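> Sequence:
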Amino acid sequence: MNKQQFDVWKSDVEPALKSKVEEYHLLGYKSADEEQVWNCVMEKLEKIEEPIRLHVLVNYILTLKLSEYMNRITVSSYKESAKLYSTKASLDDLLGEIETHASTNRHLT
Numbered sequence: 243m244n245k246q247q248f249d250v251w252k253s254d255v256e257p258a259l260k261s262k263v264e265e266y267h268l269l270g271y272k273s274a275d276e277e278q279v280w281n282c283v284m285e286k287l288e289k290i291e292e293p294i295r296l297h298v299l300v301n302y303i304l305t306l307k308l309s310e311y312m313n314r315i316t317v318s319s320y321k322e323s324a325k326l327y328s329t330k331a332s333l334d335d336l337l338g339e340i341e342t343h344a345s346t347n348r349h350l351t
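Here the working numbering is used: the first residue of the sequence shown is 243, the next is one more, and so on.
Treat the hints as calculated values from the structure; they're not laboratory data. Hints are supplied without guarantee of correctness; some may be wrong.
As the list claims (entries may be wrong) - Calculated lysine-lysine pairs in the DSS-like style (CA-CA distance at most 30 Å, straight line):
{"id": "1", "residue 1": "289", "residue 2": "252"}
{"id": "2", "residue 1": "321", "residue 2": "260"}
{"id": "3", "residue 1": "307", "residue 2": "289"}
{"id": "4", "residue 1": "252", "residue 2": "286"}
{"id": "5", "residue 1": "272", "residue 2": "307"}
{"id": "6", "residue 1": "325", "residue 2": "307"}
{"id": "7", "residue 1": "260", "residue 2": "289"}
Keep in mind the model is a prediction, meaning the values are calculated, not measured.
Please model the entire structure based on the sequences and the hints provided.
So this is what it looks like as structure tokens:
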């Protein structure tokens, strides 16, 4: 899959993206936006080896199920939380090292 090809088509499929977002809003998912829908479709298309035509891309957008979209959002949220947790743990380790180093230097004087 050539991601650059899809980036060029993104403006062409904007009406389909807007339609899908409006559908999700009508179903009560007000936080849905075009970028999230686009990223979800791009993840689905990454698995396809053969070249994809514009009408196939539009079909993927318009037939994206709410459950697929919500699964992607949930997994992304978990991944982000894991990154924040690992970053916090790394920061805690770093702060511990700084405190250890600072207390060691205090004893030298």
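> Against each hint, give a clear statement of whether it holds in the structure.
Status of the hints after comparison with the structure:
1. Under the criterion of a C-alpha separation no larger than 30 Å, the hint pairing residue 289 with residue 252 is consistent with the structure, at around 19 Å.
2. Under the criterion of a C-alpha separation no larger than 30 Å, the hint pairing residue 321 with residue 260 is consistent with the structure, at around 26 Å.
3. For a cut-off of 30 Å, the pair hint linking residue 307 to residue 289 stands: about 17 Å separates their Cα positions.
4. For the hint linking residue 252 to residue 286, the alpha-carbon distance of about 15 Å falls within 30 Å, and the restraint holds.
5. Note on residue 272 and residue 307: the hinted pairing holds, with a Cα-Cα distance of about 16 Å set against a maximum of 30 Å.
6. Between the alpha carbons of residue 325 and residue 307 the distance comes to roughly 27 Å, so the proposed pair stays at or under 30 Å and holds.
7. At roughly 24 Å between alpha-carbon atoms, residue 260 and residue 289 fall within 30 Å of each other, so this suggested pair holds.
Checked against the numbered hints given earlier, the structure satisfies every one of them.
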